[in-house]
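Asks: Go ahead and model the full structure; you've got the sequences and the hints to work with.
Protein sequence lines, in the order shown, are assigned to chains A and B. The opening position of the first sequence corresponds to residue 106 in the numbering used here, with each subsequent residue numbered one higher. The opening position of the second sequence corresponds to residue 74 in the numbering used here, with each subsequent residue numbered one higher.
Check before you lean on any hint, since a few could be wrong.
The calculated lysine-lysine pairs, modelled on DSS-like cross-linking and capped at a C-alpha distance of 30 Å, are [what the hints assert, rightly or not]:
#1 B:Lys251 x B:Lys179
#2 A:Lys425 x B:Lys179
#3 B:Lys262 x B:Lys179
#4 B:Lys251 x B:Lys262
#5 A:Lys425 x B:Lys251
Read the hints as simulated data drawn from the structure, not as lab findings.
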Amino acid sequence: MVGGVASGLAQRFGVEANLIRLGFALVSLGGGTGLALYVAAWLIIPRQGSDESVLRRAVARPGTVRLLAGLVTAVLAVLLLLAAVRLGFAAPFAWPLSVAAAALVLVWRGADDEERTFLRELLDQAPVVGRTPVRRARWTTAARILAGVVLLVIGLGVLSAFPHPTVSVLRLAVAVNVVIVGILMIFGPWWLRLARDLADERRERVRTEERANVAAAVHDSVLQTLALIQRSAADPREVTRLARAQERELRAWLFEGRPPGSFDAARVSSVAEAVAVIEADVEADHGVAVDTVVVGDCPLTDDLRALLAAGREAVVNAAKWSGAPSASLFVEVESEQVSVFVRDRGAGFDPEAVNGDRRGIAESIRGRMARHGGTAAVRSVRGQGTEVELVMPRAGNRS
Amino acid sequence: MSTPRVRVFLVDDHHLFLSGVRAELGESVEVVGDADEVAAAVELIGERHPDVVLVDVHMPDGGGRAVIESVLARHPDVRFLALSVSDAAEDVIGVIRAGARGYVTKTISGPELTDAITRVAEGDAVFSPRLAGFVLDAFAADPGVTGGSAPTFDPELDQLTPREREVLRLIARGYAYKEVARELSISVKTVESHVSAVLRKLQLSSRHQLTRWATERRLL
Numbered sequence: 106m107v108g109g110v111a112s113g114l115a116q117r118f119g120v121e122a123n124l125i126r127l128g129f130a131l132v133s134l135g136g137g138t139g140l141a142l143y144v145a146a147w148l149i150i151p152r153q154g155s156d157e158s159v160l161r162r163a164v165a166r167p168g169t170v171r172l173l174a175g176l177v178t179a180v181l182a183v184l185l186l187l188a189a190v191r192l193g194f195a196a197p198f199a200w201p202l203s204v205a206a207a208a209l210v211l212v213w214r215g216a217d218d219e220e221r222t223f224l225r226e227l228l229d230q231a232p233v234v235g236r237t238p239v240r241r242a243r244w245t246t247a248a249r250i251l252a253g254v255v256l257l258v259i260g261l262g263v264l265s266a267f268p269h270p271t272v273s274v275l276r277l278a279v280a281v282n283v284v285i286v287g288i289l290m291i292f293g294p295w296w297l298r299l300a301r302d303l304a305d306e307r308r309e310r311v312r313t314e315e316r317a318n319v320a321a322a323v324h325d326s327v328l329q330t331l332a333l334i335q336r337s338a339a340d341p342r343e344v345t346r347l348a349r350a351q352e353r354e355l356r357a358w359l360f361e362g363r364p365p366g367s368f369d370a371a372r373v374s375s376v377a378e379a380v381a382v383i384e385a386d387v388e389a390d391h392g393v394a395v396d397t398v399v400v401g402d403c404p405l406t407d408d409l410r411a412l413l414a415a416g417r418e419a420v421v422n423a424a425k426w427s428g429a430p431s432a433s434l435f436v437e438v439e440s441e442q443v444s445v446f447v448r449d450r451g452a453g454f455d456p457e458a459v460n461g462d463r464r465g466i467a468e469s470i471r472g473r474m475a476r477h478g479g480t481a482a483v484r485s486v487r488g489q490g491t492e493v494e495l496v497m498p499r500a501g502n503r504s
Numbered sequence: 074m075s076t077p078r079v080r081v082f083l084v085d086d087h088h089l090f091l092s093g094v095r096a097e098l099g100e101s102v103e104v105v106g107d108a109d110e111v112a113a114a115v116e117l118i119g120e121r122h123p124d125v126v127l128v129d130v131h132m133p134d135g136g137g138r139a140v141i142e143s144v145l146a147r148h149p150d151v152r153f154l155a156l157s158v159s160d161a162a163e164d165v166i167g168v169i170r171a172g173a174r175g176y177v178t179k180t181i182s183g184p185e186l187t188d189a190i191t192r193v194a195e196g197d198a199v200f201s202p203r204l205a206g207f208v209l210d211a212f213a214a215d216p217g218v219t220g221g222s223a224p225t226f227d228p229e230l231d232q233l234t235p236r237e238r239e240v241l242r243l244i245a246r247g248y249a250y251k252e253v254a255r256e257l258s259i260s261v262k263t264v265e266s267h268v269s270a271v272l273r274k275l276q277l278s279s280r281h282q283l284t285r286w287a288t289e290r291r292l293l
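Replies: Following this line, the structure appears as structure tokens:
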């Protein structure tokens, strides 16, 4: 009902789900072992339709190990306290309990968004630990802590009398569970808040990454266009043309989800057509002549789109950084592979000493090629120019 | 001026371009005349006998090809360098097969153009990156694949050697002859002889594709 473990197991083994739940409940009476088992199953068995178990997701996230260490020390502290008041016999229950607690944390850390929403709703509904309207907050908190302390005292009282013959094993088990409920009442909300903070932190990280992607795209299109507009401020027609082109590109990005720099599938279907687009775009945007030579042609595939996007980036780099009035773009389509060569006779640079903020070569070119199974090589000599060589195999297209 | 300057004749139907080229060439060569139509060009070239004729590929009344064919019929020692903004492969291959010793695009810089003219005057071939690409394309497909049966196929003329292919690839990538030589560890003279061999094949090959291939650019 919480983690879906019982129904999952029931489905797997063809048994009634409630039967399994009953089984878990019975084992739990023996001191929390059933609870530990339940949570362990929750952790290790991947959810239906997902190929990753909760545990793997949890461990893959930073901070989990640190959090676990903190929890384990807290549990150990409680055990020490119990031992101090001559309650050392609680140790046999401590292991299942601490394992269950640690595992619950893992469950929370590894839960995907859907599971997390479900867990949160579940907790919010609980009368003691859930969120309460503000004006009732103080009263409920007081009542909750009072109830928790009462339960703790009763439970510990029974437990401390354990060696006494009048205390049966059944009573002992009940007492243990009473202690657990008491602890939950006192500390539950705090743990919940901790979990919420962790979730917030994760959301923030996702947001930061997304912002970085958007910044890269905006840099590639809008900022460059603005720089070009400043440079051609004296020419109103050119400014209008640039602004209109940028507007088109932005619209395509925002409303059609086509990131800047990609090729319009409806307009461009072959390598030679895409190369013509690159030539025209770079010449128009950067005022640098692109001497284009295309040998052979073939329809565009995803890999070849990536190859040409990387090639475009190389041509733009040549236009922006080399200072040369022209750049050469040579594209050859062969039956096994497609090669792109971009060459300029400009300033050149030391590929080893490229600035960290010039991401073009590392990400737009090398990364893009590697992701699609291609290779990229950059040769550059200061004062003599640069040549970028890109090769993309034509997978499954041997003729 | 101890060495005699190369005598150049210009043929182009764009007057702006004619004056532009004159200005760019400056004193490095001697421009002995120009013409803006085919008939006048043929007549004037016959009179002034230049070393090199710079000829536009695209002109009314048959274009550069007509000029080259009429002049070469009577003056086989005049050399032609084709010049164009055109991208049409069949036109470019056409003027080369008519007898031009090279092809450069109009975006070429002044010094590069002077260099090309000198080269042609010395009897070498001048391949721009674009021409190299056209030739690679024309000679790329296996003979007989695109053109059906090729009864007159001659491997000597109808196929490029691997080395010639390498040289053309580097030229297509924007390498100058000197850079091609360094890259392949051969002399500039060897590069020139490879390019001349390619030019000869281009002019003499009876490959079906060379005249027809532009309409059936292969889609691999």
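Asks: Can you list which hints this structure breaks, lowest number first?
Replies: Per hint list: zero violations.
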